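Asks: Going line by line, the protein sequences match chains A and B.
Under our numbering, the first residue of the first sequence carries the number 77, and numbering increases by one thereafter.
Under our numbering, the first residue of the second sequence carries the number 77, and numbering increases by one thereafter.
Since the hints were derived computationally from the structure, they do not count as laboratory data.
Since the model is a prediction, treat every value here as computed from it, not as a measurement.
Glycine residues also receive a C-beta, built at the ideal position from the N, C-alpha and C atoms.
Some hints could be false.
Unchecked claim - Derived list of chain B stretches under chain A, where covered just means 3 residues or more per stretch with a C-beta under 8 Å from a C-beta of chain A: (1) 119 to 129; (2) 165 to 174; (3) 244 to 257; (4) 294 to 304; (5) 313 to 327; (6) 407 to 413.
To be verified - To give an idea of the interface, some chain A residues facing chain B are shown, with a C-beta separation under 8 Å as derived from the structure: (7) Val102; (8) Leu186; (9) Arg276; (10) Val367; (11) Val424.
So the chains spell out like this:
2 protein chains.
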Amino acid sequence: MSVKVLGGIKVLDFSRVFAGPAATQVLGDMGADILKIEPPGGDEARYYGMTRERLEKFGGTSPSFLALNRNKRSMEIDLRHEDGKAIARKLAAGVDVVVHNYRPGVMERLGLGYEALAEHNPRLIYAEFSAYGRQGPLSHVGANDLALQAHSGLISITGEPGRSPVRCGSAIVDLHGSLALVAGILGAIIHRGQTGRGQRVEASLMLSAAHLMSYFYTEYWMDGTMHQPMGTANHLSVPNQAFPAADGEVVIIASTDEMWQRFAHAMGPETLDIPEFSHVFARRQNRVTLVEAVSAITRTKTCAQIIDILGKAKVVVAKINTIGEAADNPQLVAANGRIDLQVGEHSVGSVASPFQLEAVDMNSATTPPALGHHTDDILAEFGFSRDEIDSFRQSGAFGKAKATMDA
Amino acid sequence: MSVKVLGGIKVLDFSRVFAGPAATQVLGDMGADILKIEPPGGDEARYYGMTRERLEKFGGTSPSFLALNRNKRSMEIDLRHEDGKAIARKLAAGVDVVVHNYRPGVMERLGLGYEALAEHNPRLIYAEFSAYGRQGPLSHVGANDLALQAHSGLISITGEPGRSPVRCGSAIVDLHGSLALVAGILGAIIHRGQTGRGQRVEASLMLSAAHLMSYFYTEYWMDGTMHQPMGTANHLSVPNQAFPAADGEVVIIASTDEMWQRFAHAMGPETLDIPEFSHVFARRQNRVTLVEAVSAITRTKTCAQIIDILGKAKVVVAKINTIGEAADNPQLVAANGRIDLQVGEHSVGSVASPFQLEAVDMNSATTPPALGHHTDDILAEFGFSRDEIDSFRQSGAFGKAKATMDA
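Take these sequences, add in the hints, and give me the full structure.
Replies: And the structure:
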């Protein structure tokens with residue numbers, strides 16, 4: 077399995093909550109040394125969705141923190157404290173990559189802005205993840221995943237026709253943004269190999285959301301078209317939506333006329349293989365009748381039966397799984413998609429990075445760290461003496477750890 | 077603006093529709109030379125959502141094709157034809173990266189499998205994008221974005237409580253998968269710099285969707301928790317959802333007690349700054365009353381007024397924009413998020429790659445190519461003579477171009 081792709085790359089990670097931590101987890105999976113700087117009390121995501129039962133069983137580590145923080149080391153540093161700032165600046169002088177998601181101006185005020193750091197460390201790659209970008213009228217506006225689902229227009233096309241729209245259930249803008257940040261950092265590493273110099277890398281919730289919406293924006297820019305929510309259906313083709321089965325729901329996609337022929341023959345040629353449904357335009361026009369005709373058949377069969385029949389006919393079909401059915405589907409493990417972490421006495425699954433490199437192991441992992449667990453080790457590695465570390469602790473540079481449950 | 081990050085990198089791109097083309101567009105924005113191999117008639121996405129009006133105005137290029145195919149050159153090759161296969165193999169011997177999204181086994185049958193190509197080109201990076209991965213019980217099952225929204229459990233948490241769930245309105249699994257593929261390819265380029273050897277890179281709709289669901293899976297694996305759709309709300313905090321304004325809807329997020337205090341003081345301390353709402357647990361318990369109390373206030377104000385008040389109070393807020401409002405918001409241009417393309421006599425916007433590298437220009441673009449426009453040029457660059465090219469054309473190696481409207 078030879079070298080890790082990012083072996084030897086040190087990442088100083090000031091980011092919190094989802095997008096930044098998800099990005100540095102991928103870099104950690106690729107072998108980078110992730111030094112997670114947490115404020116006193118820790119990344120607030122440590123406490124998201126915690127209950128008394130989970131606190132007792134899993135030692136205060138939330139599902140989202142566990143999901144996004146393997147392969148990291150944790151330091152607790154109070155950046156409002158002068159010694160804390162000095163420590164952070166010294167670390168930044170000796171790493172390859174800095175990642176942060178503070179609002180524009182915050183890092184500069186801490187003496188940790190790109191220009192200040194690059195002066196002493198011209199090979200530094202400085203990755204900033206913001207809400208709306210560093211420049212422009214909204215650059216100082218705060219946001220989160222839901223805010224960008226709203227701002228981007230994604231919510232406006234998600235929901236049932238004629239009813240209020242809904243959010244996409246997961247933090248997709250955050251997670252998509254995390255991969256954007258990863259791609260930018262990897263690009264900057266390649267560029268540094270060519271030029272010997274680092275650079276600033278930017279990603280944002282807004283660019284991430286806009287990328288997810290890209291073909292809707294282009295269609296609007298072409299001729300003003302704005303699509304509306306269509307439940308599980310979409311505007312491109314029919315059938316391309318959910319249908320009821322005897323024991324659940326399945327989605328069926330047969331966009332082209334050829335796929336529709338295969339589908340109709342496999343499911344019920346008597347009622348489906350008729351001229352009203354044979355052409356793509358006709359199917360769009362006769363959507364309601366078609367959905368009724370298909371539903372009349374699917375209702376009489378189980379999900380497994382429908383998947384079997386349509387799988388053989390090479391028509392795209394899938395069950396609408398619950399989270400449990402999805403998480404426990406054996407295909408996830410077969411595709412190297414699950415990494416198990418030891419949390420106290422429990423083994424807890426986490427989802428692998430969404431790509432695999434055949435010549436390197438992306439799936440070995442250390443468990444998400446306890447808050448501040450590696451503070452002393454890391455400081456020693458960066459040349460601080462035992463006495464200095466003790467004196468920082470006394471001066472409050474690491475803060476006075478106290479857990480909060482405010483999230 | 078110096079060198080492009082991927083200057084000199086040649087990518088042979090067999091992928092079609094969304095995820096693969098979106099990935100190679102990002103590589104093209106970074107300076108790679110993308111050779112898009114299209115089957116006779118072209119990538120079917122060229123015809124998605126086309127109408128007679130668009131055909132006339134934009135010369136047969138669909139919104140999604142325009143959105144995801146800038147910075148590429150197009151070749152039309154019939155891979156079912158023996159000469160077509162031979163051409164593809166010769167090209168593959170001289171490129172840095174091959175990208176495809178055929179079902180497992182198809183490229184092998186064409187003589188274009190990884191092992192066969194790597195034998196002659198050990199530096200080759202071979203990027204495969206599949207539905208469920210190359211191995212395991214579902215590896216031969218076809219899928220698309222909606223199928224993985226269903227399979228992954230994402231649909232099960234998207235929608236209104238107590239009603240049938242809905243799809244997330246955009247092809248988020250495809251687009252997230254595109255960045256996974258980009259990150260994998262960039263990682264493999266870095267690794268090749270260290271080892272001199274290419275490797276196989278894998279990404280899939282399933283790993284992409286699982287990554288988007290990662291913290292839901294981990295929560296389920298911890299203690300069996302499965303969340304349900306909550307409209308625009310979520311399970312982590314209150315308020316964290318849409319509220320009605322006099323002229324539209326806004327989302328408001330005030331998760332922590334401190335944010336709630338700022339929110340309550342800014343919007344209406346009389347009815348909001350009360351003990352029943354002051355603590356995070358109390359707000360979750362009194363969700364219905366709280367949402368009513370907040371709505372009573374937001375209904376009396378416009379979106380702009382609410383955004384102004386809460387912006388000043390540093391509470392996260394955003395308008396639920398239409399696609400047009402989102403696409404035309406000046407912040408997108410300010411953050412370098414829009415790239416204009418010349419299509420015939422029209423200028424059409426497209427969304428930039430979702431990250432920016434300060435030292436290189438990511439936003440210069442060539443317009444998505446007409447089908448087969450560069451076939452002859454590329455073949456000449458790879459050493460084919462004029463006579464050979466003519467004879468390929470006569471033998472049908474490029475197919476007999478005919479547009480279809482089947483999508």
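Asks: Against each hint, give a clear statement of whether it holds in the structure.
Replies: Okay, the hints, checked on the actual structure:
1. Only when three residues or more bring their CB closer than 8 Å to a CB of chain A does the claim for the stretch 119 to 129 of chain B stand; here the count is 4, and the claim holds.
2. Against chain A, the stretch 165 to 174 of chain B contributes 0 residues with a C-beta closer than 8 Å to a partner C-beta. That does not satisfy the three-residue criterion, and the hint is violated.
3. Taking a C-beta to C-beta cut-off of 8 Å, the stretch 244 to 257 of chain B contributes 11 residues in contact with chain A, enough for the three needed, and the coverage statement holds.
4. Three residues within the 8 Å Cβ limit are the bar, and the stretch 294 to 304 of chain B against chain A gives 10, so the coverage statement holds.
5. Look at the stretch 313 to 327 of chain B against chain A: 7 of its residues bring a Cβ nearer than 8 Å to a Cβ of that chain, three or more, so the hint holds.
6. Check on the stretch 407 to 413 of chain B: 7 of its residues sit with their Cβ under 8 Å from a Cβ of chain A, so the three-residue criterion for coverage holds.
7. Interface hint at A:Val102: satisfied, since its Cβ lies 7 Å from the closest Cβ of chain B, which is below the 8 Å cut-off.
8. Given hint, A:Leu186 at the interface with chain B, is violated; its Cβ is 18 Å from that chain's nearest Cβ, farther than 8 Å.
9. Using the Cβ-Cβ criterion of 8 Å, the hint placing A:Arg276 at the interface with chain B is satisfied: the shortest such distance is roughly 4 Å.
10. Restraint check, A:Val367 versus chain B: the minimum CB separation of about 13 Å is more than 8 Å; hint violated.
11. Interface restraint check for A:Val424: the shortest CB-CB distance to chain B comes to about 5 Å, inside 8 Å, so the restraint holds.
Of the hints listed earlier, those the structure fails to meet are numbers 2, 8, 10, in rising order.
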